[in-house]
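Protein chains in written order, with this note's numbering: chain A, 1 to 263; chain B, 264 to 648; chain C, 649 to 789.
In case anyone wonders, no lab produced these hints; they're calculated from the structure.
You may find that some hints are simply not true.
[Claimed, not checked] Short derived list, chain C residues pointing at chain A, Cβ under 10 Å:
hint: 1; residue: R730
hint: 2; residue: C751
hint: 3; residue: Y765
hint: 4; residue: V768
hint: 5; residue: Y771
[Claimed, not checked] With a Cα cut of at most 27 Å, we get these calculated DSSO-like pairs of lysine-lysine:
hint: 6; chain 1: A; residue 1: K79; chain 2: A; residue 2: K63
hint: 7; chain 1: B; residue 1: K409; chain 2: B; residue 2: K425
hint: 8; chain 1: C; residue 1: K738; chain 2: A; residue 2: K45
hint: 9; chain 1: C; residue 1: K706; chain 2: A; residue 2: K53
hint: 10; chain 1: A; residue 1: K79; chain 2: C; residue 2: K761
hint: 11; chain 1: B; residue 1: K409; chain 2: A; residue 2: K89
hint: 12; chain 1: C; residue 1: K658; chain 2: A; residue 2: K45
hint: 13; chain 1: C; residue 1: K731; chain 2: A; residue 2: K189
hint: 14; chain 1: A; residue 1: K40; chain 2: C; residue 2: K659
hint: 15; chain 1: A; residue 1: K250; chain 2: B; residue 2: K270
hint: 16; chain 1: A; residue 1: K213; chain 2: A; residue 2: K48
hint: 17; chain 1: A; residue 1: K213; chain 2: A; residue 2: K79
hint: 18; chain 1: C; residue 1: K694; chain 2: A; residue 2: K147
hint: 19; chain 1: C; residue 1: K658; chain 2: A; residue 2: K189
hint: 20; chain 1: A; residue 1: K213; chain 2: C; residue 2: K659
hint: 21; chain 1: A; residue 1: K48; chain 2: C; residue 2: K706
hint: 22; chain 1: C; residue 1: K694; chain 2: A; residue 2: K189
hint: 23; chain 1: C; residue 1: K659; chain 2: B; residue 2: K273
hint: 24; chain 1: C; residue 1: K658; chain 2: B; residue 2: K270
hint: 25; chain 1: C; residue 1: K755; chain 2: A; residue 2: K185
Ideal placement from N, C-alpha and C gives every residue a C-beta, glycine not left out.
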Amino acid sequence: MKRNRREFLKLAGITTASVIGATSGLTMAEASGSGEAKHKAILAKNQKALTAKRWGMVIDTTKLQTASDIEPIISACHKIHNVPEMTNKNHEIKWIWEEEFKHVFAEQEHELVNERLRHLPFLVLCNHCKNPPCVRACPTNATFQTKEGIVMMDFHRCIGCRFCMAACPYGSRSFNFQDPRPFIKETNKEFPTRMKGVVEKCNLCAERLAVGKLPFCVEASNGAIIFGDLDDPQSEIREVLNTNYTIRRKPALGTGPSIYYIV
Amino acid sequence: MLELALKGSKKFYGWLIALLVLAGIGFAFYLWQFNFGLGITGMSRDVSWGFYIAQFTFLVGVAAGGVMVVLPYYLHNYKAFGKITILGEFLAVASLTMCMLFIIVDLGQPVRILNVWLHPTPNSVLFWDTLVLNGYLLLNIIVGWKVLEAERNGVHYKSWLKPLIYISIPFAVSIHTVTAFLYCGLPGRGFWMTAILAPRFLASAFAAGPALLILLCLFVRKATKFDPGKEQIQSLAKIVAYAISLNLFFFLCEVFVALYSGIPEHIDHIKYLFYGLHGHGILVPWMWSSMGLMVLGIILLVNPTTRRNEGVLAAACVAVFAGTWIDKGLGMISGGFIPSPLHHVNEYAPTFPEIMITLGVYAIGAIVLTILFKIVVSVKEEVNG
Amino acid sequence: MLKEKRIFNKKLVIAGLIIFIGVITFPFWFNHAKVVAPPEVKLTEKAKEAKECVLPDKVKMRGNHMQLLDMWRDTVVRDGNRKYIGTNGKEYEMSLSNTCLDCHSNKADFCDKCHEYASVNPYCWDCHIDNPKETKNNETQ
Chain A
1 MKRNRREFLK LAGITTASVI GATSGLTMAE ASGSGEAKHK AILAKNQKAL
51 TAKRWGMVID TTKLQTASDI EPIISACHKI HNVPEMTNKN HEIKWIWEEE
101 FKHVFAEQEH ELVNERLRHL PFLVLCNHCK NPPCVRACPT NATFQTKEGI
151 VMMDFHRCIG CRFCMAACPY GSRSFNFQDP RPFIKETNKE FPTRMKGVVE
201 KCNLCAERLA VGKLPFCVEA SNGAIIFGDL DDPQSEIREV LNTNYTIRRK
251 PALGTGPSIY YIV
Chain B
264 MLELALKGSK KFYGWLIALL VLAGIGFAFY LWQFNFGLGI TGMSRDVSWG
314 FYIAQFTFLV GVAAGGVMVV LPYYLHNYKA FGKITILGEF LAVASLTMCM
364 LFIIVDLGQP VRILNVWLHP TPNSVLFWDT LVLNGYLLLN IIVGWKVLEA
414 ERNGVHYKSW LKPLIYISIP FAVSIHTVTA FLYCGLPGRG FWMTAILAPR
464 FLASAFAAGP ALLILLCLFV RKATKFDPGK EQIQSLAKIV AYAISLNLFF
514 FLCEVFVALY SGIPEHIDHI KYLFYGLHGH GILVPWMWSS MGLMVLGIIL
564 LVNPTTRRNE GVLAAACVAV FAGTWIDKGL GMISGGFIPS PLHHVNEYAP
614 TFPEIMITLG VYAIGAIVLT ILFKIVVSVK EEVNG
Chain C
649 MLKEKRIFNK KLVIAGLIIF IGVITFPFWF NHAKVVAPPE VKLTEKAKEA
699 KECVLPDKVK MRGNHMQLLD MWRDTVVRDG NRKYIGTNGK EYEMSLSNTC
749 LDCHSNKADF CDKCHEYASV NPYCWDCHID NPKETKNNET Q
């Protein structure tokens, strides 16, 4: 609430001469400005933006059997988001990647686990938790939860303390130990890169949702990833959740992951 | 009073210059890190906090340990400590200076550090940590300086200081409690997730801080005309004895809970630290040495005959300080990250530049400590002489 | 402090003060008499055609574009707003790389020269791609 009011004042301060004094930082510059505006500037969402109360995903592992099913999904995401391929493994940056059952569901692992599951490549990414510990930990609110349930990074604000990385129980966060640009093979010029010293992770393609497109991994998955509004009982994802048995990672921690797995 | 720090022997200046050189070297390495990024350290995606944060944690303890002289004197009117409270307070100032510097060198974007206050986030423990650390630093500077000034002028310190002194006592407890809360409130980090972490941090703090103080007192007595006093040193030694015993007891409580419950998420870290996990175990010899040193410290400090011998006492204090340093400054942080939440074992060791930057910060702390202690000693010599 | 009985060395103190003032004012007399002409803003054909920018007032744009961008980045990242409808009723997508630099595709001439003159070093370009369109053209050529 507060933010919106402040923003409105800020906007008014920049765009119209009539609200001089609303934001102190702008008043000096305002004094020289002359043009009286006819109407106020407006900030708005795209009309075609996809919206939800709480975005979520179901990953159907029965449709993702081999590394070659998984690989295109990973590279699609990493390509459009300018995720670098670091040569030093310590400095690795991953938004979505592949792990074995014993790592993804460590607490479910046992020596008699089904052969298929044992060797199945699992896709893992930020769980966009309902109750995200990383957001709780961040001392600057650089990582935050949107109204639609996406856990986002504000790279402009991140101080690189890495408290969120310690807080995340899923190892979903990566840190830019050095300038990532030299390690990006092909740059997507429409999406920013990151700079050294900030933490990054999956943003659930917020930039694509904003223009009415599905997350790129969903698009690249040939139907193996179902995406939708978890709070909408009529949605496809709810139907899938209703008709399949799904599991989530480390449910006992109470973080409430929004990524579900059909195993 | 600051001018007192300027008049010193050749040795004094030599020591300061040596520290300045070390700090300068550390700074040069820091410039490299500043330009390149934290990639010059040994930290990784899995072990995302390393040596810097570990030193920070340990030094918060040393700073909090200063309260062990302040509390008996001001709260229980234990007169003997009146002579050395100032040493405890100034040790806290130097330690906290280092803590701040360690936080800054650990940041990926240090120039944005003020974002912590520009966008205050009360749900973050780190936000509170910056508040209590700065608060405790300020309190110690004001109280220490003003009380010393009054002593120099032969008057009683002003009455408005009294509330600040009382506030500083819970503040000392709070800095280490909040620092423990940084770790123990994180889901999925079994090693830290124990309610005994804050008490354990305090116990090891009240051992490490006073142990260092005893060593400093012994040095001050030898090098200057100011004698902190036999009784004072013995009282401190008893504090160290109890605190280090408690630290070990708390640790064993943790070990019991982890091992007896048999929950892998809690056992694995202890296993990694003391036996190695999946063939990785660079910290194993360190951790056992830490245990050995702490046990040795307990034996020498609890036993009155060894404690009263100041030579043995000094050795015991070195053992306690080194033992707690390994425990917190090496094992505590990387131990919590290994294995990772996805159960990968990626080991961590600080790199050469990382160690140089760390030494640089320690050098700056030593400079602050030297100057403050020099002032104290000069005032004491002036007053007594 | 009751009695400070220090005798300060007057000569040294004054000499020190002079040196101090000299050092601290160094930038002023170092640049003295050196006049650097303000850079001329070069507009691309596309920018010229558009006639007005996001803030229709040119002076305001020059003086306040940083606040505007600061607000843009906040609202885009944090509130998910992507559209900016200006006081002139025109709609823009709030994006430094994809909107601003779409028109002002001559970053070196348009942005950098002025920033250099004003001695500011914005770190926008550490992440935001300098110039999507221009490089694309270069590649196709």
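Now the hints, each set against the structure:
no.	hint	in the structure
1	R730	5 Å, holds
2	C751	15 Å, violated
3	Y765	17 Å, violated
4	V768	15 Å, violated
5	Y771	7 Å, holds
6	A/K79 x A/K63	23 Å, holds
7	B/K409 x B/K425	11 Å, holds
8	C/K738 x A/K45	15 Å, holds
9	C/K706 x A/K53	41 Å, violated
10	A/K79 x C/K761	32 Å, violated
11	B/K409 x A/K89	53 Å, violated
12	C/K658 x A/K45	69 Å, violated
13	C/K731 x A/K189	20 Å, holds
14	A/K40 x C/K659	64 Å, violated
15	A/K250 x B/K270	62 Å, violated
16	A/K213 x A/K48	9 Å, holds
17	A/K213 x A/K79	16 Å, holds
18	C/K694 x A/K147	37 Å, violated
19	C/K658 x A/K189	64 Å, violated
20	A/K213 x C/K659	75 Å, violated
21	A/K48 x C/K706	31 Å, violated
22	C/K694 x A/K189	20 Å, holds
23	C/K659 x B/K273	26 Å, holds
24	C/K658 x B/K270	19 Å, holds
25	C/K755 x A/K185	23 Å, holds
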